[in-house]
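Enquirer: Protein chains in written order, with my numbering: chain Y, 649 to 995; chain V, 649 to 995.
Worth flagging that the hints you see were computed from the coordinates, not collected in a lab. Here a beta-carbon is modelled for each residue, glycine too, at the ideal position from N, C-alpha and C. Any given hint could turn out to be false.
Said to hold, decoys possible - Pair ranges (Cβ atoms, derived): (1) Y:Gly918 / V:Pro768: 56 to 64 Å; (2) V:Glu898 / Y:Arg722: 16 to 24 Å; (3) V:Arg962 / Y:Arg794: 48 to 56 Å; (4) V:His733 / Y:Arg793: 54 to 62 Å; (5) V:Pro704 / Y:Pro920: 24 to 32 Å.
Protein chains: 2
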Amino acid sequence: MPVGTQGTVKGLTVDQLRATGSQMILGNTYHLMLRPGADVVAELGGLHRFMGWNGPILTDSGGFQLYSLAQMTRVTESGVVFRSHIDGRLVELSPERAIEVQELLGSDVAMVLDHVLGLPAERAAIADACDRTVRWAERSRAAARRGDQALFGIVQGGLEADLRVRCAEQLLALGFPGYAIGGLSVGESHAEMCRMLEVTTPVLPADRPRYLMGVGRPQDLLESIARGVDLFDCVMPTRNGRNALAFTDEGTLRLRNARNERDPAPLQPGCPCLACQHSRGYLRHLFMAGEMLGPILVSIHNLTYYQRLMQGARQAIERGEFSAFLAGKIAEWKHAEAPAEGDHHSQ
Amino acid sequence: MPVGTQGTVKGLTVDQLRATGSQMILGNTYHLMLRPGADVVAELGGLHRFMGWNGPILTDSGGFQLYSLAQMTRVTESGVVFRSHIDGRLVELSPERAIEVQELLGSDVAMVLDHVLGLPAERAAIADACDRTVRWAERSRAAARRGDQALFGIVQGGLEADLRVRCAEQLLALGFPGYAIGGLSVGESHAEMCRMLEVTTPVLPADRPRYLMGVGRPQDLLESIARGVDLFDCVMPTRNGRNALAFTDEGTLRLRNARNERDPAPLQPGCPCLACQHSRGYLRHLFMAGEMLGPILVSIHNLTYYQRLMQGARQAIERGEFSAFLAGKIAEWKHAEAPAEGDHHSQ
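When you get a sec, could you build the whole thing from the sequences and use the hints?
Expert: The structure is reproduced here in structure tokens:
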């Protein structure tokens, strides 16, 4: 899912978004409740109509932004008090309020409010946040009123394998139509992330969507799929696109680099996206000249790259050849010079 | 012609640009020669291929930017020396160099280098700039090598009617496939501009394009058409669009205004553009949230508005009803509250 933080995937019209192959997008409850306000979105017909997207929308609960963006958050059993990053006013978000906001937004999939911790963190703090996440999940489910909105639980547990398993089992006992794995991509290593997936996904039912939140690089996605993940959201294709970093089969490409100045080649030969109708030289010029069209085109390219990668993964799974597909892609990226270095820093 | 200053009409892909009804666009020689450089554009296939626009392109000669943008310009008979607004380096632009650059860019219509003065200006200075413009036009024509590029002369003369006529007659004696009227929209009143058109266009042949450079508001365009003008370029639709000002039949609309917050209406009922598939409330939100999509969508709307207005004018001319069309539009705009005030300030 491309990330449409504030009711738009940055720089793209909805038809351009659809043309990237995107099927489902994510909207951010935290941002939309602050601006323009959930009541405004509801009055203007709900998030689908507001932004003109007729495909499925998942809204997160705000838990991750409370951890990453909001100032001076205070977490109590009843909920979270935070200062808006826009105007500094104090706002409260409880599990019930997060559901109320998402019901006003009218997303197809809503997420329970969870308690996200940065890593590394002490086991006692992780256990505490984990138990609170389960209690909040129960309250969220009790608060949900819309029959046309699926509510997903979120597994927390930091890097503590047994806490991940316990959290997953407790959510399973409550019963949700889908499950997310949260609190990753917050400071841990790639190996640690993979280990957490290996202990968590086997507990989650294979006939329900398993959603890894906020991840990640192309190789992260494929290795997570290998460990049972079905659904992702990440700002990497769009945020990197705005910063002139393009994803290609030969690794990432920094468009501002002088060697692109007179390069007539497209970013990725054979890519059907709008950006690849232009030369690397033109795309570089747009960034050097500070033109909006640079971020727009490379965002389109990167989303197209990610969607084609996911399409390749789905087709490989259907053919029963995912392991070979994964190995092939990993070899490709290893062959390219330091393909992932750039991405990681800009995450 | 929408203005594509740096090889892009700001924020729009070429297919979005085409969908606004735009047929021909303008590129800026001054900007492109500084960045990325005419040789880079030529090496990447010329301006059409560089930016992916397969319709006609007119390039200006740089004369207006030397007046409006460049620092410390020194005008001599041989040409202009200016400091780049990008990096401060000294660059020389002569009539011959302006042609060479435009031939490298490969536009369909090139413009002669002219000597633009701000208004008001003393008659002696205007006469001097005017004579130089004619001498430079002759040198430009002698320097032109491409058979597939039309070269237009530019009539200068400030607000001195007799100098305008003399300049036009001198250019006519040289003979160009099209003529522009330059040095307007630089500080004079609307009535003064109209008067200059009234003395100039009758001298210019009716079977050649008459092009009014850098103008203007919707009413300026219609009143110029009434005085014989065929072709325009202006940044107003796009620059105002980026600043949240939308053109409608009811006058201009400032999207940031709080009264748009919950307004479900489109900018202009019946407008076929992408922006008008959204509510004013959504468009306002995009600007308040600092989202790129706001400038993109309102630029698309404003270009569509201008192109539909010009289409209406062409159809009225073909039906022999232009006077009634003009009177109807003027009455519409007069009825609306202060329709033009906003535009003028942001010009």
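Enquirer: Does each hint hold? Answer for all of them.
Expert: Taking the hints in turn, this is what the structure says about them:
no.: 1; hint: Y:Gly918 / V:Pro768: 56 to 64 Å; in the structure: 59 Å, holds
no.: 2; hint: V:Glu898 / Y:Arg722: 16 to 24 Å; in the structure: 49 Å, violated
no.: 3; hint: V:Arg962 / Y:Arg794: 48 to 56 Å; in the structure: 51 Å, holds
no.: 4; hint: V:His733 / Y:Arg793: 54 to 62 Å; in the structure: 58 Å, holds
no.: 5; hint: V:Pro704 / Y:Pro920: 24 to 32 Å; in the structure: 27 Å, holds
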